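Each protein sequence line maps, in turn, to chains R and S. If you want the numbering used here, it's the 1-based position in the first sequence plus 2. If you want the numbering used here, it's the 1-based position in the second sequence plus 25.
There could be a bad hint or two in this list.
Claimed, not checked - 30 Å max Cα-Cα, derived DSSO-like pairs, lysine-lysine:
(1) S:K248 - R:K381
(2) R:K205 - R:K381
(3) R:K23 - R:K427
(4) R:K23 - S:K311
(5) R:K427 - R:K289
(6) R:K289 - R:K205
Please keep in mind that the hints were generated in silico from the structure rather than gathered at the bench. A quick note: this is a predicted structure, and the numbers were derived from the prediction, not measured.
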Amino acid sequence: MTNIEVTPGMFSSAETKPSLKTPITLVAAALVVLIFFGFLGKTGDISFVWSDKREAIQLPPFIVNSMFFCTLVGAALLLIGLLSIALTIRGGKTPVWLIAIYGLGAMMALLGWLATEATQGVQMIFILGNTLVLAIPLIFGGMAGIMSERVGVVNIAIEGQLLTGAFVSAILGTITGNLYIGMIAAMIASGLLSMVLASLAIKYLVEQIIIGVLLNVLVIGVTNFLYSAWVDDDSINLNFPGTFEKLPIPLLSEIPVLGQVLFNNRITVYLMFVLVPLLWYVLFRTKLGLRARAVGEHPLAADTVGINVGRTRFWWVTIGGMVAGLGGASLTLGNVGSFGREMSAGLGFIALAVVILGRWQPIYVTLGALLFGFTIILKVWANQVSPGIPVDFITMVPYLVTLVAVAGFAGRVKPPAASGQPYVKG
Amino acid sequence: MSKKKDLDPVKSGQDKATSVLHEIMSGDPVRIGLSILLGFLIGAVFMVVFDKNVIKAFEDFGTDPSYALSSIWWTVQDGYGALFAGSVINFGADNFVSAIRPFTETLRFAAPLIMAGLGVALTFRVGLFNIGATGQMLVGLAGATFVSTRLQMPIIIHMLAAVLAAVVCAMIWGMIVGLLKSRTGAHEVIVTIMLNYVALSLFTYLLRQPNLLLEENGGGTPKSDNPDGTARLGLLLGPDFQLHYGLIFAVLAVVFYWWLMEKSTFGFRFRMVGHNPSAARAAGIKVENTFVWALAISAGFSGLAAANQGLSVDGGLTTSIEAGIGFDAITVALLGGSRAGGVVMAGMLFGAFKAGSATMQVAGVSPEVLGVVKALIVLFIAAPPIIRAFYRLPVPGPKVFEAAQQAKAAKVIK
Chain R
3 MTNIEVTPGM FSSAETKPSL KTPITLVAAA LVVLIFFGFL GKTGDISFVW
53 SDKREAIQLP PFIVNSMFFC TLVGAALLLI GLLSIALTIR GGKTPVWLIA
103 IYGLGAMMAL LGWLATEATQ GVQMIFILGN TLVLAIPLIF GGMAGIMSER
153 VGVVNIAIEG QLLTGAFVSA ILGTITGNLY IGMIAAMIAS GLLSMVLASL
203 AIKYLVEQII IGVLLNVLVI GVTNFLYSAW VDDDSINLNF PGTFEKLPIP
253 LLSEIPVLGQ VLFNNRITVY LMFVLVPLLW YVLFRTKLGL RARAVGEHPL
303 AADTVGINVG RTRFWWVTIG GMVAGLGGAS LTLGNVGSFG REMSAGLGFI
353 ALAVVILGRW QPIYVTLGAL LFGFTIILKV WANQVSPGIP VDFITMVPYL
403 VTLVAVAGFA GRVKPPAASG QPYVKG
Chain S
26 MSKKKDLDPV KSGQDKATSV LHEIMSGDPV RIGLSILLGF LIGAVFMVVF
76 DKNVIKAFED FGTDPSYALS SIWWTVQDGY GALFAGSVIN FGADNFVSAI
126 RPFTETLRFA APLIMAGLGV ALTFRVGLFN IGATGQMLVG LAGATFVSTR
176 LQMPIIIHML AAVLAAVVCA MIWGMIVGLL KSRTGAHEVI VTIMLNYVAL
226 SLFTYLLRQP NLLLEENGGG TPKSDNPDGT ARLGLLLGPD FQLHYGLIFA
276 VLAVVFYWWL MEKSTFGFRF RMVGHNPSAA RAAGIKVENT FVWALAISAG
326 FSGLAAANQG LSVDGGLTTS IEAGIGFDAI TVALLGGSRA GGVVMAGMLF
376 GAFKAGSATM QVAGVSPEVL GVVKALIVLF IAAPPIIRAF YRLPVPGPKV
426 FEAAQQAKAA KVIK
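Let the sequences and hints guide you as you build the complete structure.
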């Protein structure tokens, strides 16, 4: 995608030299928290509410002075930033878990600052739980993106795949009365759509980005038409699937806070828990994954050792499409409970960004998707606790973060080398 | 293009892909005509299958088969007939003015599509994909709205100033894409998608600010006033028609685009970079700077489209004024083969779809079917193998293709 040379093991020393951009960004953001939320912050109290009223084990809310809390967190973030500078100067890398802790701290400071003196406090379960549920379609979409880009096919059609999945799952789930059939049908439909993308891109060498854009337009057109000409008049019988039952996992769901957030969910969330590590394992620990990555990095070399480049690409893109279909189903059957016009609303494009933000790694992509999920719920929540806050700027943050990542300000982003390039057996 | 030269299959794949891209861009009229025909045919199938009257008629197929079959015809005729009456000429009208009004409506809807479409087309010619027309339009709208609602100026000058503001704001936004691409190697598709969202948030924020764009006595909803009378795009054909001066800007934009791309040295550089960036670099063209300029000028066209929308609005302006034009522009540019004339035709077709939607709705046919037709037409044009398979057209032989390439190369050199 970009013109960075990325054949493994071929970096010049200049390219592997660690960049100070990430640590400097971390320090700068820490200073913002320290100064604006801390020193110049609000004087009232924040109360972090950890428990739902329904829960068996009730944790007392954590009440703290806003200025004190934000100063403390800001100082901690600054420390992490400085540590990261020290690590980089010594030639090391800032570990991802440290950045994750940093992100968590920044999030707490932001939430606390927003909810200072708000009567309902910071409802942690509501925020974390919704972050997860809203991130699910993005995560599945992101996995679809990883699967096709890792084998060298740019998938702009994630948006269309999500929308297909959402539509088919809602309609078939309602008609058959069985949501699982709806979910499987969504995967098949999205898989078929991906086959169109795959065959046009691989066999007929049509420009992948153009095909992706056009498939999105086509799916939007078809679902809009079917919705207005067919579904909308008879929503009760066609578009009223409801959502999957919540399946609390015994014992685990009893854990305070985390239990409610992670282990009292619908099947779509649990499928994500399984799929993300599975994809990571297949990609990086099995022969199958090694072959796929070889096809994406250097198709000629893969072809030389006897891997069928075209077939590998075709099936990875198709199965990726099925995963995106699952993402579409999790939008309707896993959250909203019915289909709405163009309900994917750009999630597919965000998934595309998340793939880059997460550097084509399933685990990192999941973290990136959670960041976007958090932003979506934050916008809703910030409006409630503290009206008048410029939510528009909060909404911008993840996109700006992605831009920064793509532009390489925060360390080099390396796409699979042959991503977007068709391969012709010569 | 010959096999001997290409030792690296990946490279030759790329060449083949660009040759397909060129095939799309050159677009022979027969194939385009057949694509449009097939698009409408499949659209008709959609219309018929989901039409309640047809379904009902087919339930009584045993008793009255001829009625069932004729109901298919009537549905299609109603649908596309209404599209024609709503977008070209309404033969059912009682006077001349209302008979030709549909065509002026098509022109009104086509103008912004053409302007934004030219912008996207320009980047296609340079070998870039600018998905950011939406964001560039939104930023342009912010500029146009500020000038048209907050500044006082004499008539016409005010309007021109507002248009200029839209163009400049959009160009700055486009330039960001170019700079990010040329300085850091970031892919323009991702950058433009992200900037679209940033622009949407930014524009919404500006619309909320009482001292910037928010309407007088406005509340929490992000919405601005109508543009001042002095800044408004006036009606072109009198009060009987809604057509406004935006059309003039569209015509000027088309002429400028044609001159820029086909006649100017600037356009020559653009095309050269689009054909082969390495060769262009070898020839001493600063490819990176060309990207920046191409994206900026491209965004300028989107800015014009934004001015068209923002300076003709009634009932206040919200983010919805963009009306999906930025995204439609991509399909317009693809359908138009990135040529001035092609973009005009494609913009007119899509403008007709927009103009005819209302009459189709009245005729009881869901106008959403046009979304399907639109997508199919462009898909068929972009993916020649589909249309060839359907009509069993011969694959253009390498000789024919190479000859065409050589002819084109000769043209370029001239």
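Quick rundown of the hints versus the structure:
A hinted pair counts as satisfied when its Cα atoms are at most 30 Å apart, and S:K248 with R:K381 qualifies at roughly 19 Å. For the given pair, R:K205 sits about 44 Å from R:K381 by alpha-carbon distance, which is inconsistent with the 30 Å threshold. For a cut-off of 30 Å, the pair hint linking R:K23 to R:K427 is broken: about 41 Å separates their Cα positions. Of the pairs offered as hints, the one joining R:K23 and S:K311 holds, with about 28 Å between alpha carbons and a cut-off of 30 Å not exceeded.
A threshold of 30 Å between alpha carbons decides the hint, and for R:K427 with R:K289 the separation of about 22 Å falls inside it, so the pair holds. Distance hint between R:K289 and R:K205 is fulfilled; the C-alpha atoms sit about 25 Å from each other, no more than 30 Å.
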